[in-house]
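Participant: The primary structure of each chain is shown beneath.
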Amino acid sequence: MNASIRCMIIEDEPLAQNVLKKYIDEVPSLDLIAVCGNALEAQDIVQTNNIQLLFLDVNLPKLSGINFLRTLPDPPLVIFTTAYPEFAVEGFELDAVDYLVKPISFERFLKAINKVLNKSSRQPARLTEDKNTNDYILLKADKKVYRINLEDILYAEATGDYVKVITREGQYITNITLKKLLEELPDNDFIRVHKSFIISASKIKFFEGNYVKVGQTDIPIGAAYREDIFARFK
Amino acid sequence: MFTGKINRNNRNVRIMQHILFIFLVFFILLNTFKFNSPPAPVDYVYTTLFLATVLPVVYLHLYWLLPKLRSKPFLVSYIIPLALITAAAIWVNIQLFDHWSANLFPGFYFISYFTWWEISLFFIILILLTTLLKLSKSWFLVNQLQRELLEKEKQRVQEELKALKAQVNPHFFFNTLNSIYSMSLDKDERLPATVLQLSELMRYFLYQSNEDLVPLAKEIEVLKDYIALQRIRSDEKLDIKTVIEGDAEQQKIAPLLLIPFLENSFKHGVKGDVGATFIDLKISLNGNSLNFLLENNKGTVDVVEKNDNKGLGLANVKRRLDLLYPARHHLIIQDQGKDFIVNLQLQL
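Residue numbers (this note's numbering), protein chains in the order written: chain A, 1464 to 1697; chain B, 3 to 350.
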């Protein structure tokens, strides 16, 4: 099993802490190390516990989350959680991975975690020594959160309100849109080939006419995507 | 005098008024001058000529001299020129009918059957009459302008009051909704009551806040709901005491007048310290005099709101109090370093 991400919540409202605790609990790759009600006490805990990911409220007593982050010499990855949408720009200027506006849905939370995984796969040193650790995404399907290796994904197909993700091991039906899924996947391998299909470029066997063979399946190439795809593989 | 914006329509109306006035004067003079009825052609010519000598004086007076009435010296700029042009016109009038008319209109025989002072009287009456008309018109205009100004001022105050009306921070609502969301995940037993409190508060903010006055009991109820919602969000380190004395049922108050103080105390008290925080609220009512006393700890807040209206909450309330309860309120705000005390006395 791969190592989990050590995370911490800094949030002064107990009920808001509760939501994040529950969410973290549901995601297998997250390990909640500490919860802190204010930023002043948090500084030591971040340093001594080797925190890798911070869920940080903006409007905290005494010291705001934004200014707290500025004081950290070697900050971990940060996801801001706040009722203040107006600080998103400032948050991203501080290299926050994501900016979640309360109340936060689980789907939105998961998207942020996938961003963390994406980001950390590009910066392996930050999270872990084992570079394979983060080659997966988290996907919510039939009320469970699955950890799916990117390596295993063949393609994804939109069917009605759902998206079917087909891997070597099986298929997962999730209710995010194809567009959102594409955003969460690393863009070096996954490409849109049709209104209803995303494929893993590394799994392509061959092109034939208007089809591309991925695994055992023929996947249609949409007219709108054709030019881009052939440009990419030239 | 009151030129303002004269559009073409307005101008046409004014020209019509003048023409109408001249015709009226013409027929009055015609009926004064005639010997027989109906008037003979000679009477028409006579009246026209008479009017031709009067009108230049009347109009010179109205448009040239009258506007200079208030410039100094009064004697030089108004009285002397008026006397001179009037005298000149009277002279022309007399000369016209005594000597010149025989050459101008050989077919008619005119006699100047008025003495010079009777002619002068016509002139003076006409000048006085037109002056009165002009002044009364100006007076109406001034009156109307004054009314418009008053109306505008009233509107401005209304708009200012509207703008000043406390806008509870939208973050409060989202944070409260987040608490509710959290409770719903846990099936927390406080959830139903909290939803009701929030809806009471929203109803008050959305609907009743537009009224000029609301029952004081209602405003106090909302303060309590607000406190309850804030308490749910806070941890156990916050100590809130609320005391309400007196009968608030009969009194009325401008809506959302008190809540900004409370909002302020949460903002600076609860968010101001990481240790124990407190809020003490005491409202006592004696007849129609309200005493509102609010104490809270004061810490340094790392203010994250970047809009310029931070700290505007209290300034807005002060302005509203000045506009709504002039001379009927007494507000003392004491900043004692560690404690912050607001004392408002209000005659409802």
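Hints in this document: simulated from the structure, not taken from any laboratory. The beta-carbon is built from N, C-alpha and C at its ideal position, and this holds for glycine as well. Hints may be right or wrong, so weigh each one.
Said to hold, decoys possible - Which bits of chain A does chain B cover? Going by a derived footprint, with three or more residues having C-beta under 8 Å, they are:
1) 1481-1490
2) 1517-1525
3) 1622-1629
4) 1648-1656
Participant: Next step is simple, just say for each hint if it's right about the structure.
Facilitator: Against the structure, the hints come out as follows:
Counting residues of the stretch 1481-1490 of chain A whose CB lies closer than 8 Å to any CB of chain B gives 3, so the stated coverage by that chain holds, three being the minimum. Counting residues of the stretch 1517-1525 of chain A whose CB lies closer than 8 Å to any CB of chain B gives 5, so the stated coverage by that chain holds, three being the minimum. Closer than 8 Å: that is the beta-carbon criterion, and the stretch 1622-1629 of chain A has 0 residues meeting it against chain B, so the requirement of 3 is violated. For the stretch 1648-1656 of chain A, the proposed coverage by chain B is not satisfied: 0 residues have a C-beta within less than 8 Å of a C-beta in that chain, short of the threshold of three.
Going down the numbered hints, you'll see the structure goes against 3, 4, while the others check out.
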